[in-house]
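Model the full structure from these sequences, guided by the hints.
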Amino acid sequence: MSARRPMSLPIFALVCLAFLLGRTTAAQQSGSRVGAQESAQQKLLDEGEKRFHANCGRCHQSPHRFPPRMVMTIERHMRVRATLTDEDMRAIVAYLTQ
Amino acid sequence: MLSVSLGATKCGWVRWLLLALAIAPAALAQGQMQAQAPAQAEAKTEGPQAGPLDPNNPDVVLPAVTAVPIFSMGVGMITAWQGGQPNLEPLISPVGLIPIGQKWLIEGRGTFESDLIPDPRGPGWKGYLEKEADYVQVDYIADKYVTFSFGRYLTPFGIFNERLYPIWIRNLQSDPLILPISTGPSGAGTGAMLRGGFNVAPKAELNYATYFSTKLTTSPFESDRDWGMRAGIYLPGPRVEFGGSFQHLLQAGHSNAFGFHFAWQPPPVPLDIRAEYARSSNGSGYWLEGAYRLSQAPVWKDELRHVQVVGRMQEYYVGKFEDEDDDLPMVNTKLFEFGLNYYFRDDVRFVSSYGRQFAAEGGNANVWTVGVTYRLAVPVGRGDAR
Chain R
3 MSARRPMSLP IFALVCLAFL LGRTTAAQQS GSRVGAQESA QQKLLDEGEK RFHANCGRCH
63 QSPHRFPPRM VMTIERHMRV RATLTDEDMR AIVAYLTQ
Chain U
1404 MLSVSLGATK CGWVRWLLLA LAIAPAALAQ GQMQAQAPAQ AEAKTEGPQA GPLDPNNPDV
1464 VLPAVTAVPI FSMGVGMITA WQGGQPNLEP LISPVGLIPI GQKWLIEGRG TFESDLIPDP
1524 RGPGWKGYLE KEADYVQVDY IADKYVTFSF GRYLTPFGIF NERLYPIWIR NLQSDPLILP
1584 ISTGPSGAGT GAMLRGGFNV APKAELNYAT YFSTKLTTSP FESDRDWGMR AGIYLPGPRV
1644 EFGGSFQHLL QAGHSNAFGF HFAWQPPPVP LDIRAEYARS SNGSGYWLEG AYRLSQAPVW
1704 KDELRHVQVV GRMQEYYVGK FEDEDDDLPM VNTKLFEFGL NYYFRDDVRF VSSYGRQFAA
1764 EGGNANVWTV GVTYRLAVPV GRGDAR
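Chains R and U, in that order, are what the protein sequence lines are.
Under the working numbering, think of the first position of the first sequence as 3, with each following residue one higher.
Under the working numbering, think of the first position of the second sequence as 1404, with each following residue one higher.
In short, the hints are calculated from the structure, not lab data.
None of these values were measured; they are calculated from a predicted model.
Check before you lean on any hint, since a few could be wrong.
No farther apart than 25 Å at their CA atoms in a straight line, the calculated lysine-lysine pairs in the DSS-like style are these [claimed, not checked]:
(1) U:Lys1506 to U:Lys1547
(2) U:Lys1606 to U:Lys1547
(3) R:Lys52 to U:Lys1704
(4) U:Lys1606 to R:Lys45
(5) U:Lys1606 to R:Lys52
(6) U:Lys1723 to U:Lys1618
(7) U:Lys1737 to U:Lys1723
(8) U:Lys1606 to U:Lys1534
(9) R:Lys45 to U:Lys1547
(10) U:Lys1547 to R:Lys52
Derived DEER-like restraints, expressed as beta-carbon distance ranges [unchecked claim]:
(11) U:Leu1743 to R:Glu40: 43 to 51 Å
(12) U:Phe1474 to R:Leu22: 53 to 61 Å
(13) U:Phe1474 to R:Gln44: 27 to 35 Å
(14) R:Lys52 to U:Ala1763: 46 to 54 Å
(15) R:Leu22 to U:Val1781: 53 to 61 Å
(16) R:Lys45 to U:Gly1766: 55 to 63 Å
(17) R:Gly37 to U:Thr1613: 56 to 64 Å
Heads up, the beta-carbon is just placed ideally off N, CA and C, and yes, glycines get one too.
See the structure below:
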């Protein structure tokens, strides 16, 4: 009669190691992706604030907060009226709606 | 043996299962990262203002709502004294913006104002209501370089008429003397326009507008038959803009007009410097304006940050004066104005100014203005989620 041996310690350690490695890798990759997005978003917001003051501040006092649905219209209006560039508009919308 | 074999087999199966379970997260993580952006975009949309990813930059999240129509209005009550003669100038200027789809915009602005003077026959004031259709235009944003505009538009000659005219934007309530040059009988043209702004270098933007207008004599939609263009370079770093305008009249006179504009907002200082020069066969002149917001004052910061100090110098020289309807001065004129504005909020302010006008043929006079301006803007609709 042979006794059923429990899983040996090295194999158990290997399982745990693989599990931890997997979790860590997923977290790191997910985190790096989210981090990249947050970084890009923050960069755009900073750029938006700069462009808001450089463009809108030429005629308007700042900053006046509008709901995002109004910002989308106002920026289209200013795209025409103040000949904002496409890049200006994109960054300013991000800044005013964040 | 059988049980041993079974036991060994079962134990091996469990081992492989455990190994698979342990490795699965890593494998899944590897695989999921390839398609992670949409999932994260969905997560982002849970926020009240987060929408889909920007197609031009997958790392950027767009707002969750679409543009909605806006009703806006400027209201002003200005009292002016010119040479001791008082004028009450109440004004309402409604603005409508109607976005359609992603590229269209219908926009319009009207002005209802009155110029009330004391009634010589008794107490009270008399005057009449002036109605203006400032602009009613349809815009189509074709791409990053070109926007088409059709209808009645503000004549893009210089910068004051298009950008600084509204009473809730201008720093001094009186019009520049040269404003009527080339802006037509009502500051607007009727026809079509191409315009746009784009980067021509990493730190330089080009903006342009070219237009054709037909003649209309029907009030309040008067316009001249002409064509023209304006171009400017804007340097966002030092916040300097300079440019020029040209217009050719395609009706009586067939004259040319040209002008230059300049604007500078030195970034570390709350100072606006603007200037325009214009010349036509009717006359020529310039204005130079500086406005300083006392937000960096070393004392009384809470009070002084609401205060703006303005100064403007302008001169006008009469030309051949072919068109008597364009509201230009009849004689050579110099005017210096000094103003104080107080911003209760960014949309409500008290305005005041004193000016001294020097004009030929005894036209010297003091010019005072006091008033309040207010601007509101409200959305019309809730907007669709996208």
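Comparing the hints with the structure gives:
Restraint check for Lys1506 (chain U) and Lys1547 (chain U): satisfied, since their Cα atoms lie roughly 11 Å apart, inside the 25 Å limit. For the proposed pair Lys1606 (chain U) and Lys1547 (chain U), the alpha carbon gap of about 17 Å is at most 25 Å, so the pair holds. Between Lys52 (chain R) and Lys1704 (chain U) the alpha-carbon distance is near 24 Å, which keeps this suggested pair within the 25 Å criterion. For the hint pairing Lys1606 (chain U) with Lys45 (chain R), the CA-to-CA distance comes to about 17 Å; that is within 25 Å, so the pair holds.
Annotation: proposed proximity of Lys1606 (chain U) to Lys52 (chain R) holds, straight-line Cα distance about 13 Å (limit 25 Å). Distance restraint check for Lys1723 (chain U) and Lys1618 (chain U): the Cα-Cα separation of roughly 22 Å lies within the 25 Å cut-off, and the hinted pair is therefore satisfied. Restraint check: the Cα-Cα separation between Lys1737 (chain U) and Lys1723 (chain U) comes to about 18 Å, which is no more than 25 Å; the hinted pair holds. In summary, the hint linking Lys1606 (chain U) to Lys1534 (chain U) is not supported, as the alpha carbons are separated by about 42 Å, beyond the 25 Å threshold.
Restraint check: the Cα-Cα separation between Lys45 (chain R) and Lys1547 (chain U) comes to about 22 Å, which is no more than 25 Å; the hinted pair holds. With a C-alpha separation of about 20 Å, the suggested pairing of Lys1547 (chain U) with Lys52 (chain R) holds against the 25 Å cut-off. One distance hint, 43 to 51 Å for the beta-carbon pair Leu1743 (chain U) and Glu40 (chain R), holds here, with the actual separation near 45 Å. For Phe1474 (chain U) and Leu22 (chain R), the Cβ-Cβ distance of about 59 Å falls inside the hinted range of 53 to 61 Å, so the restraint holds.
The supplied range of 27 to 35 Å is met by Phe1474 (chain U) and Gln44 (chain R), whose beta-carbon atoms lie about 34 Å from each other. Checked against the given bound of 46 to 54 Å, the beta carbons of Lys52 (chain R) and Ala1763 (chain U), roughly 48 Å apart, stay inside it. Hint check: Leu22 (chain R) to Val1781 (chain U), Cβ distance near 56 Å, so the stated range 53 to 61 Å holds. Between Lys45 (chain R) and Gly1766 (chain U) the beta carbon distance is about 57 Å. The supplied range of 55 to 63 Å therefore holds.
Between Gly37 (chain R) and Thr1613 (chain U) the beta carbon distance is about 46 Å. The supplied range of 56 to 64 Å is therefore violated.
The earlier numbered hints that this structure contradicts are 8, 17.
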